[in-house]
Every structure is written in C-alpha cells, then in structure tokens.
Amino acid sequence: MTAPAAPEVLGWWGVPLAILAGMMRGGTPFLFVSLGECITEKSGKINLGLEGTLLTGAMSAYAISYLTGSPWLGVLAAGVSGVGLGLIHGWLSQQPRVNDVAVGIAMIIFGSGIAFFLGKPFIQPSAPPLPTIHLGDWSSIPAVQAALAISPLFVLGVAIAPLLKWFFQSTRWGLFIRAVGDSPDAAKAMGISIFNVRMLSVVAGSFLAGIGGASLSLYYPGVWTERISSGQGLMAVALVIFAKWNPMQCLWASLLFGGAQALGPALQSVGIKEGYYLFNAAPYILTLLIMILTCSPKRTLTGVPGALGTDN
Amino acid sequence: MNWRRTLESICLPVGAILAGLVLFGIFCSLVGANPFGVFGSIWKAAFGSWSTFQNTLIRAAPLMLSSLCTALPARLGLVIIGNEGALVVGGLAAVSMGLAIGTSLPPVGVQALMAIAGMVAGGIWIGAAGALRHYRAVNETISSLLLNYIAIALLNHLVGGPMRDPNSLNKPSTAPLDAVNMLTNMPGTRVHWGLLFGLIACVLAYFLIQRTTFGFAARTAGGNIRAARIAGLPVGKLTIIVCALAGACAGLAGMVEVAAVQGAANESLNVGYGYGGILVAFAARHNPLGAVLVSLLVGGILASGGILQRSHNLPDATVLVFEGLVFLVVLYSDSLYGKLPFFKEKPVDASPPAVTPKSPSPV
Numbered sequence: 046m047t048a049p050a051a052p053e054v055l056g057w058w059g060v061p062l063a064i065l066a067g068m069m070r071g072g073t074p075f076l077f078v079s080l081g082e083c084i085t086e087k088s089g090k091i092n093l094g095l096e097g098t099l100l101t102g103a104m105s106a107y108a109i110s111y112l113t114g115s116p117w118l119g120v121l122a123a124g125v126s127g128v129g130l131g132l133i134h135g136w137l138s139q140q141p142r143v144n145d146v147a148v149g150i151a152m153i154i155f156g157s158g159i160a161f162f163l164g165k166p167f168i169q170p171s172a173p174p175l176p177t178i179h180l181g182d183w184s185s186i187p188a189v190q191a192a193l194a195i196s197p198l199f200v201l202g203v204a205i206a207p208l209l210k211w212f213f214q215s216t217r218w219g220l221f222i223r224a225v226g227d228s229p230d231a232a233k234a235m236g237i238s239i240f241n242v243r244m245l246s247v248v249a250g251s252f253l254a255g256i257g258g259a260s261l262s263l264y265y266p267g268v269w270t271e272r273i274s275s276g277q278g279l280m281a282v283a284l285v286i287f288a289k290w291n292p293m294q295c296l297w298a299s300l301l302f303g304g305a306q307a308l309g310p311a312l313q314s315v316g317i318k319e320g321y322y323l324f325n326a327a328p329y330i331l332t333l334l335i336m337i338l339t340c341s342p343k344r345t346l347t348g349v350p351g352a353l354g355t356d357n
Numbered sequence: 002m003n004w005r006r007t008l009e010s011i012c013l014p015v016g017a018i019l020a021g022l023v024l025f026g027i028f029c030s031l032v033g034a035n036p037f038g039v040f041g042s043i044w045k046a047a048f049g050s051w052s053t054f055q056n057t058l059i060r061a062a063p064l065m066l067s068s069l070c071t072a073l074p075a076r077l078g079l080v081i082i083g084n085e086g087a088l089v090v091g092g093l094a095a096v097s098m099g100l101a102i103g104t105s106l107p108p109v110g111v112q113a114l115m116a117i118a119g120m121v122a123g124g125i126w127i128g129a130a131g132a133l134r135h136y137r138a139v140n141e142t143i144s145s146l147l148l149n150y151i152a153i154a155l156l157n158h159l160v161g162g163p164m165r166d167p168n169s170l171n172k173p174s175t176a177p178l179d180a181v182n183m184l185t186n187m188p189g190t191r192v193h194w195g196l197l198f199g200l201i202a203c204v205l206a207y208f209l210i211q212r213t214t215f216g217f218a219a220r221t222a223g224g225n226i227r228a229a230r231i232a233g234l235p236v237g238k239l240t241i242i243v244c245a246l247a248g249a250c251a252g253l254a255g256m257v258e259v260a261a262v263q264g265a266a267n268e269s270l271n272v273g274y275g276y277g278g279i280l281v282a283f284a285a286r287h288n289p290l291g292a293v294l295v296s297l298l299v300g301g302i303l304a305s306g307g308i309l310q311r312s313h314n315l316p317d318a319t320v321l322v323f324e325g326l327v328f329l330v331v332l333y334s335d336s337l338y339g340k341l342p343f344f345k346e347k348p349v350d351a352s353p354p355a356v357t358p359k360s361p362s363p364v
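Chains X and F, in that order, give the protein sequences.
Per our numbering, the very first residue in the first sequence carries number 46; after that it's consecutive.
Per our numbering, the very first residue in the second sequence carries number 2; after that it's consecutive.
Keep in mind the hints are simulated off the structure, nothing from the lab.
It is possible that some hints are incorrect.
Unchecked claim - Derived DMTMM-like pairs (lysine to aspartate or glutamate); straight-line CA-CA distance at most 25 Å:
hint: 1; chain 1: X; residue 1: Lys165; chain 2: F; residue 2: Asp179
hint: 2; chain 1: F; residue 1: Lys340; chain 2: X; residue 2: Asp230
hint: 3; chain 1: X; residue 1: Lys343; chain 2: X; residue 2: Asp227
hint: 4; chain 1: F; residue 1: Lys172; chain 2: F; residue 2: Glu268
hint: 5; chain 1: F; residue 1: Lys172; chain 2: X; residue 2: Glu319
Said to hold, decoys possible - In silico negatives: residues of chain F with every beta carbon more than 12 Å from chain X:
hint: 6; residue: Gly49
hint: 7; residue: Thr53
hint: 8; residue: Ser97
hint: 9; residue: Leu146
hint: 10; residue: Met187
hint: 11; residue: Gly233
hint: 12; residue: Ile242
hint: 13; residue: Gly264
hint: 14; residue: Asn288
hint: 15; residue: Phe323
hint: 16; residue: Leu332
hint: 17; residue: Ser336
Glycine included, C-beta positions come from ideal geometry on N, C-alpha and C.
Only chain X is shown next, with the shape it has when bound in the complex (with noise of 0.2 Å):
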C-alpha cells in the first residue's frame, strides 16, 4: 500500500492527514470485519475464518462490479458469499467436538483458495469503484481532496456501529444472542434454539465481513490481488476483544488500527525510512500491550461473553 496523501506539497502537514485518510480508508475493511466478529462473538463462537471471507468478498465484489458495471451489485454478492462462508463455518462450528478455531483456519485456507482461484481472471481487468464522497472540496489543495474523500461504506459501518448497539441492548433478538454467549443453559430454559441463534450470528457477521472485503477491493486500495488483505480478517479477533466486545468501541478502535497502519507509509513519505515495518506492527504490539495490561488472573475481561469458545 502506498500513501494515500502527496506530502510534498504539504511537508509535515501531511503525516496527520494521511492518518486521518487511513483511518477513514484503512479502517472501513477493520470496522466491518469487527462488528461481524462482535456478532459472532457475542453468541459465543469464534470465527477465525473471516479472513477468508474478507478475500472471498472482496473477489466477489470486483468480479461481479467488473462483469455488470454495477459495484452496488458487487458490494451485495460479497455479503452473499459471506453468507455462503458463514454457513459452512456456522453449521461446521457446532458439531460435537468440533474447535472453532480450527474451522476457522481451514475456512481461511478454503476461503482464500476459492478468492483466488476464481478471481485469477479479475486480476488484470479493471472494475467500477464504488462513488466516493467528496468532504474535501472546499481545499484547493488535491491531496485534502484524496484524502477526504470517503466511501458510502465508510459511512454505512458508521451508521451500523450504534445501531448494533441498541440491537444488543434494547431488542428481543439482541437479548437472545447475548444470553446464548453468556449462558446457553439459561437460553435453553428460555426455549431459544442456540443452534439456530448462532447460525445466524456468524452467517450476520460473515455478510458484513464479505462487505469489508468489497470496501478492500471496490474503495481502498480499489483493485483485486492476491495480497490485497493484510490481515485484517484474523486481526478482527484480536480488535473485538480490544473493543471489549462493544460495537460502539469496534468503531473507535477501527479507527485507531487503520489510522495506525497508515502511520508506516506517511512518515515513509516525510523521508522517515526507518523502521517502516515496526510501524506496521503497531495495532498488533498496541493490542498485545493492552491485554496484557487488562487481563488479570484474578477476574476474567469484563465484556466478555461468559460460554466464548467452550464447548456447550
């Protein structure tokens, strides 16, 4: 990935633009993936795979723009084949003695297998990027104007993020998830199906997760490649325990980790060489420093969904 800012013309100036623009662009794919992991999660399974679904979505999303000139269409089929992932991992998941994470990795493997081999032909051909948002119109300036132009995803995961706030709080279905990850027996004696409550979380957060994947191949950086996801879908795991699994926190800290992985590439810019690669290890560092910091022997995380991961 490039910098997305020509610093140049802005010297300094431009280091905290680009992070900014980074946090809006490099931050789409984060949020979406999170708040699909926080669903996930907050029903008690974990979806490692979503890395898979990331690359699947954002095939599905170029090749189905590229094929009917429509990236609208192809945002939707990256939430179809989502869809599709999810099922596999929701149904695979919950058979007896079957590990999550294991399936997880196996989805990655299978995930980015089907991504690349049916996206080898997209590779070279160039599709219709999603319209952008222009905030940025009142500069004179080009590289404001690129940096501020942000993608209705953007702006959609921002609006998803209180939402699946009040869905956990204040709904009937967002009860129903929260007390199948907290308490499968106590959801039980309610006469919830927890299988069928799983289901459709992880198959809810694999579509979003196939949506972030468009917002990779459709937005930013806009093309289809092999190498077009650096990790975001298995970071995802790590950011929704640093959000303490609260969608509100899923969008400040996607913020933060895109805003982070642009802070490499911009100070390359300003002719800061040094040490590019560790400042695009900061999210990982930053998470691995806060939970060691948070986590306690003593008490488990607060927020925590209370069956996360066992096997009832």
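Start from chain X and add chain F according to the hints.
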C-alpha cells in the same frame, strides 16, 4: 476386544479424506476440469514415484515440526496458533547465528549452533505466550496470533534494513549462508536432513507426552486443570515448558527452511507452513505420530501445485481449495466418533463408557 474402536479410528479419517476427494472432484468438474485426470496428476506428483515422492517429503519436513507447535500445547488444553511467528524468528535466529560464525567452525558445529539458535528463539517466542497465559491470563490463541504478525514485521524490518544484503535486489534478503554450512541431502536422495529432524521430533514428542511422568502431568492438567492444581502439579511451570518446547519445534522448522532450502532469510519464510502446521495438528488429533502421516498427505497436496497448473491449466490456488476441503471434512469427521452404530461396542460388556479425548477449547 476393542477392534471396533480401532477400526473406527482408521475408517473415519480415511473416509473423511475420501469424502474430501469426492468434494474436490465435484469442484473440479464444476470448473470444467476432468476430476479423474486431476486426481491422477496429484497422485503422480505426490506419491507416484520415488523421484516425485521426494518433493512430498521435502515439504512434509517443516510441516511435521510446525505441527508440534500446536499439538503439544493442545495436550495441556491450550490452542496455540503462533507457529508462523515461531518459525520466522527461528529462521532469523538461525541465519544470524550462521552468518556470525561463518566458517570459523566445522560445518557440523555451525549447523548445530544454528539449530540451537532457532530452537531457543522459537521457544522463547511461544514460551512467552505460555507465560502470559499463566501469569496474566492473556488468551494464548490471541497472543500467539498477534506474535505472528509481530514476528513477520520483525522479519520484514531486519531483511529490508539492518540485515539486508545489498546484492538482493528484487526480493530483500539477508546475506546468504556459506555453502558449506547448508544442511546437505540425505545420501542417495534429494531430501535434506531436516526430514530426519522432523521424524525424530515427532517420535520424541510422542514418547514425552504418552510415556513419561512429565507427559502424564501435562495431560492431567489438560484434562482437568482444577484437579491438577489440587494434586499439586506445577501447572504454571508445565504450561511454560510445554509452550517453549512447542515453539522450539517450530523454530527448528524455521532453521531447516533457512539452512536447507532458502539459504537466507527472506519473505519466503512465511509461505504457509505455519498455518499448515496448525491444520496438521488438528487433523492428527494432536497425536505427534499421526502428525507425521498427515504431514505427508499435506506435503503431497502442496507438491502437486505445479503439475495442476502445467497439465490442467488450473491456477495454483487449486491446492488451497483442495487442502481446505479435505480439512473441513476431516474436522467434521471428528464429531462422528461414537455416533455411527457399526462402530459401537456391544453393550453386553459392562465396561465404563470410553471417554474420547476432547478437543481443547480456548478460554
């Protein structure tokens, strides 16, 4: 006798692999390739002759070592997925050691020190995840996943900057190891000695877990951590030691890749042996000897990538689809133990119901 159980534990994995083959065959015919032709090619490329089987063996060696990184902690009930990171730091440490010593020692000594450096680095890497688990209750799955990314960033940083060989233009690399220090092939083959490392490590791991008091303590703690604490087992020490051993195996895989295949550390170090190893461990149900067999299977699948491209015009991602399908079915087959009526023991012998080892779950 228990022959039905034995038969079950043979039939289920074999049946799962066959089912995976059928699904892959359906996939092939959907995309317009002749499935039987594809199977024939895979067989020929992977196991068909001694000459091609050696390609399989070369790929199986790092998988065996890397799978132990997941399989050993799994016996303690931990899900470690930091194989890739441990492999990368192991490779980096081995290269640093090899370059630092150069030719001032006989090659065998250099190789031994490189192996030790790789194992120590990998051991510290995963041992840290174990220590964080024990002292700070940090989920080991997540911390080891994060450590993967940190290791890869470290690799890119060192290879692109401080350790970069100015002669490596297109693909940043460290300076190459001296040719005399490279691991040689076993006599009469194209297969390097790393395969022997893998086999020995798997056999040793099997004995350690199944036949020693240490292994018994680890399995007890994995089965019921509270009971283990009450029995006075040093759970923390067990966690850290087992994790460090596991990391050492993956670190050794990194050393083998560097010293026998790549000759230098570069981005080819993270080509997927890490995540492949995780799947091998789960498919082998965390049995080190089973991991040897599954590694051969996966090595064969990986070795057939080239021929699928050449003779069937299928993209190289085909092997990923194949691998993914086989593993999904193998994981599913785990849930069938004790469910199929044919393999059920007759209820006449009133032995207590056998407990199948539960797959470990992250906390």
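Each hint tested on the structure:
no.	hint	in the structure
1	X:Lys165 - F:Asp179	violated, 39 Å
2	F:Lys340 - X:Asp230	holds, 24 Å
3	X:Lys343 - X:Asp227	holds, 19 Å
4	F:Lys172 - F:Glu268	holds, 8 Å
5	F:Lys172 - X:Glu319	holds, 18 Å
6	Gly49	holds, 23 Å
7	Thr53	holds, 22 Å
8	Ser97	holds, 17 Å
9	Leu146	violated, 6 Å
10	Met187	holds, 30 Å
11	Gly233	holds, 19 Å
12	Ile242	holds, 19 Å
13	Gly264	holds, 22 Å
14	Asn288	holds, 15 Å
15	Phe323	violated, 8 Å
16	Leu332	violated, 5 Å
17	Ser336	violated, 4 Å
When held up to the earlier numbered hints, the structure conflicts with 1, 9, 15, 16, 17 and fits the remainder.
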